[in-house]
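If you read the sequence shown in our numbering, its first letter stands for residue 344, the second for the next number, and so on.
In case anyone wonders, no lab produced these hints; they're calculated from the structure.
Cβ atoms here follow ideal geometry from the backbone N, Cα and C, with glycine treated the same way.
Where hints are given, some of them may not hold.
Pairs of lysine to any residue residues, derived as SDA-like cross-links and limited to a Cα-Cα distance of at most 25 Å, are as follows [said to hold, decoys possible]: (1) Lys472 to Asp386; (2) Lys422 to Ser473; (3) Lys389 to Pro518; (4) Lys478 to Lys377; (5) Lys596 to Ser421; (6) Lys534 to Ser588; (7) Lys572 to Met530; (8) Lys370 to Lys422; (9) Lys495 to Gly532; (10) Lys377 to Ala479; (11) Lys472 to Pro518; (12) Lys389 to Ile400; (13) Lys472 to Glu531; (14) Lys578 to Tyr566; (15) Lys519 to Ala479; (16) Lys547 to Lys478; (17) Lys377 to Glu531; (18) Lys592 to Asn452; (19) Lys370 to Ser421; (20) Lys547 to Ser384; (21) Lys547 to Leu477; (22) Lys578 to Ala381.
Now the in silico label distances, taken between C-beta atoms and shown as ranges [unchecked claim]: (23) Lys495 to Cys392: 24 to 32 Å; (24) Leu477 to Phe575: 32 to 40 Å; (25) Lys572 to Asn449: 25 to 33 Å.
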Amino acid sequence: MTDISAGKQSFPFFLDSTKSSNSELSKIDNYTLKGLYAIYSEDYGKALCYYDSAFSIDSWNLRANLYCSTVYLWRYLSKENEEDLDLFIELSRKTMGLCEDILDKNENNTDAYAVMAANYGYRAMIYAKSGSFLKAAWAGKHSYEYLQETYKRNPNQIEVFLGMGFSNYALGSMPKKFQSIISIIGMEGDKEKGLEQMNIAAVKGIFTKCEALFFLSQIYRFYEKDTEKYNFYLKQLFTEFPSSSLFKKLDEKEIFRLTKEE
């Protein structure tokens, strides 16, 4: 079963996952989705078994590695066990190494940019939750940059809309006194556009659908103060994913912290 030792190996070379056949990639995506659903049901051991099945086909698959690391991210957000935080960061580094190897060989690989963006986005979220706000800001900046690179190369990649939307919303929610600062460093946000993009992920996303529904419910609850939309997205989440006990538990927490407009 996958454990932290998998995140400590070195990567002197990269076995390009594009060499996997279409049928193999389909199987990997299927295992990856089943792993996500197991995470949302808080069956973390079962999730790791699904990712092991994916790795038995292609241990270098970017999406499988990304979501395998989130086993520990979501468990940390739920239980706040420091060991899970360390495990997530370690496996997150592994995913970064895989993406960097691909981009060294092909700087236009959209999938690598998208996975790097998501990886840094998760790091920003978990750093903010653990109180490491400088690390969260730095990870958020990297996520933003990789999102821009992804969108520039493929503006129709639906799975990136959750990250784009959350980034737009978070940056657009910052007080006006900070807007000039983020503009200077090449970042900008738009709250309404962010909500629209997250809604696209909630409607059309495959790997990001469940998280998009949950994030929207939390934004409307804690930040927009819109009870009707909060209930709409939460009801949709539990209608489509009835076994998502993780999100029922996290609904009682404010798992990400945004700077509110003054």
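Which constraints among the numbered hints does this structure fail? Numbers only, ascending.
Those not satisfied are hints 3, 4, 6, 7, 8, 10, 16, 17, 18, 19, 21, 23, 25.
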